[in-house]
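When you get a sec, could you build the whole thing from the sequences and use the hints?
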Amino acid sequence: MLLDALTLNAGHNAAVVVLGTAAFGLAAGAVGAFVLLRGRALIADAAAHAMLPGVAGAFLLALALGGDPRALPALLAGAAVAAALAVLAVDALAATGRLKDDAAMALVLSVGFGLGMVLFSVVQALPVGGQAGLKGFILGQAAGMLEGDALLIAGLAIAAAALLALLFRPLALLCFDPSFAAAVGLPVRALDLVLLSLMLGVAVIGLGAVGALMVVGLMVIPAATARLLTGRLATMVVLSALLGAASAWIGSAVSAARPGLPTGATIVLVASALFVLALLFAPERGIVARTMQRVPAAPRRDGASPGRGRSMSAAG
Amino acid sequence: MRAPDPVPLPPEPALAVHGLSVAYGGTTVLRDVSWEVRPGTLAAVIGPNGAGKSTFLKAVLGLIPRLSGEVRLFGRPLAEARRRVAYLPQRASVDWDFPLTALQVAAQGRYPHVGWFRPLPRHERDRALAALAEVGLADLADRRIGALSGGQQQRVFLARALALEAELMLMDEPFAGVDAASEAAILAVLRRLARDGRTVIAVHHDLATAPATFSEVLLLNGRVIAAGPMATTFTAEALAETYGAPIPLAAAA
Numbered sequence: 007m008l009l010d011a012l013t014l015n016a017g018h019n020a021a022v023v024v025l026g027t028a029a030f031g032l033a034a035g036a037v038g039a040f041v042l043l044r045g046r047a048l049i050a051d052a053a054a055h056a057m058l059p060g061v062a063g064a065f066l067l068a069l070a071l072g073g074d075p076r077a078l079p080a081l082l083a084g085a086a087v088a089a090a091l092a093v094l095a096v097d098a099l100a101a102t103g104r105l106k107d108d109a110a111m112a113l114v115l116s117v118g119f120g121l122g123m124v125l126f127s128v129v130q131a132l133p134v135g136g137q138a139g140l141k142g143f144i145l146g147q148a149a150g151m152l153e154g155d156a157l158l159i160a161g162l163a164i165a166a167a168a169l170l171a172l173l174f175r176p177l178a179l180l181c182f183d184p185s186f187a188a189a190v191g192l193p194v195r196a197l198d199l200v201l202l203s204l205m206l207g208v209a210v211i212g213l214g215a216v217g218a219l220m221v222v223g224l225m226v227i228p229a230a231t232a233r234l235l236t237g238r239l240a241t242m243v244v245l246s247a248l249l250g251a252a253s254a255w256i257g258s259a260v261s262a263a264r265p266g267l268p269t270g271a272t273i274v275l276v277a278s279a280l281f282v283l284a285l286l287f288a289p290e291r292g293i294v295a296r297t298m299q300r301v302p303a304a305p306r307r308d309g310a311s312p313g314r315g316r317s318m319s320a321a322g
Numbered sequence: 003m004r005a006p007d008p009v010p011l012p013p014e015p016a017l018a019v020h021g022l023s024v025a026y027g028g029t030t031v032l033r034d035v036s037w038e039v040r041p042g043t044l045a046a047v048i049g050p051n052g053a054g055k056s057t058f059l060k061a062v063l064g065l066i067p068r069l070s071g072e073v074r075l076f077g078r079p080l081a082e083a084r085r086r087v088a089y090l091p092q093r094a095s096v097d098w099d100f101p102l103t104a105l106q107v108a109a110q111g112r113y114p115h116v117g118w119f120r121p122l123p124r125h126e127r128d129r130a131l132a133a134l135a136e137v138g139l140a141d142l143a144d145r146r147i148g149a150l151s152g153g154q155q156q157r158v159f160l161a162r163a164l165a166l167e168a169e170l171m172l173m174d175e176p177f178a179g180v181d182a183a184s185e186a187a188i189l190a191v192l193r194r195l196a197r198d199g200r201t202v203i204a205v206h207h208d209l210a211t212a213p214a215t216f217s218e219v220l221l222l223n224g225r226v227i228a229a230g231p232m233a234t235t236f237t238a239e240a241l242a243e244t245y246g247a248p249i250p251l252a253a254a255a
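Chains as they are written, first to last, in my numbering: chain A, 7 to 322; chain B, 3 to 255.
Worth double-checking, as some hints may not be accurate.
Partner residues aside, some chain A positions facing chain B, computed with beta carbon under 8 Å [to be verified]:
1) Gly103
2) Leu172
3) Asp183
4) Val190
5) Leu239
None of these hints come from the bench; they were simulated from the model. Predicted, not measured: the structure shown is a model, and the values here were computed from it. Glycine included, every Cβ here is placed at the ideal spot set by N, Cα and C.
What follows is the structure in structure tokens.
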């Protein structure tokens, strides 16, 4: 059963789910590499949690206006608006100077999640049908993915990859050295906005498949794994995308083979397993390789530049 | 311009700052700073920690908003002169574990000239390589920046600034935390730049080496304490006023 799902032989619907989720994983991994290098992982998580009240709010709003509360475009639009508001809220809180960035992000994340859970319980108590589907937005329920959804996700993934390829050099400089980027005239605010929009876009398209709590995992974990495996930026971005796709492929196949497993959580566990393997066995930065380097290093007597250099760069 | 004009105009200052004030979250960091630097000068910005030295460079480059004041580069506003200015940020301001090689960082100084949307052509890559060679790092071009020593990282930043081929270079502590070899390499580059008529304005911490390295100085502590030629400005009295305590100048004498 698992093998069938992995090899896309478990029926058309299962294949659609696996391929659609893998396309999302590809985009999440590629965008995630830049999110990680720009130090935006936490703010991405705050924004992702804030998508939940956005979904519930859109559901309630559609109901109040007499529309179809389950219409996916409206729910995702609500998620996108709420996530963007969360980013603005973090910036505004940090700009007051009364809260540090991490505290502002933790605050927005908790408020977003708490508000989402309260609104979800309000929705559950309503005498209308269809609320049950909302639960899938928390931890992910890819099983309901239709062919159109999968194609949409694939299209967005290709668009995100193309944008990253086009803006690769400016984004790389933005992540490495924003002051220098601004000094040579790059529009750093606009570039940051592009990166933020990509991050929000990926979070929104992943909402249905892997859930609000897990989307950021699929951005950050493959990127961290790729960083362990390579010292070259372009390789890291491609590797991160492939690791994201592979994690999503395997994870969604596993959850398809065992109904009841939340897709997002399963995918993140697969991604984490790959991360642990890289942490242990990565060629240069892995724990095993580091330990092996240290053993013959003890009797070395050259003393001068290499050892000192490494300690200085660690300090800087 | 008019060809038969017999009297050459005096050269515009490379940098002219008038009445510059900068505030961070309600606190004024720089107050009413005015200073001019002629082309071909090596100038030092000196002052205690928190004096606003880095802020001064950033405000000149438009990286942080100015409260008031005017900045002119070669007689023009920043927007018209950006291509003529290079910036060398503090080494500690970036993550050196970033997945880049020394050559890739140096090449960042070429993209503003050739555009950001295609790989560097070979001859442009060679120019970035030449900049690395000038700071003595040609052999380490393909080394990851995280594997370089602090002094080598500082020289990579200098190579990137050189690759911009700018007439005015603003450097934030180019000598910070470098060993003797890197210090000598950086010093040689600064001297070459001055010979070529380039202007360097550097935040500098080492009072002992300042007089031998720079010809002009700005003593700064939130405001201008003194500014002018090193020989007449860099006095014990001015330093005492800058640092709020007597500074022994044994090495400088």
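The hints, checked one at a time:
1. Gly103: This interface hint holds because 5 Å falls under the 8 Å limit.
2. Leu172: holds, 7 Å
3. Asp183: holds, 5 Å
4. Val190: holds, 4 Å
5. Leu239: Hint holds; A:Leu239 Cβ to chain B Cβ min 5 Å, cut 8 Å.
Figure legend: structure checked against the earlier numbered hints; every hint is met.
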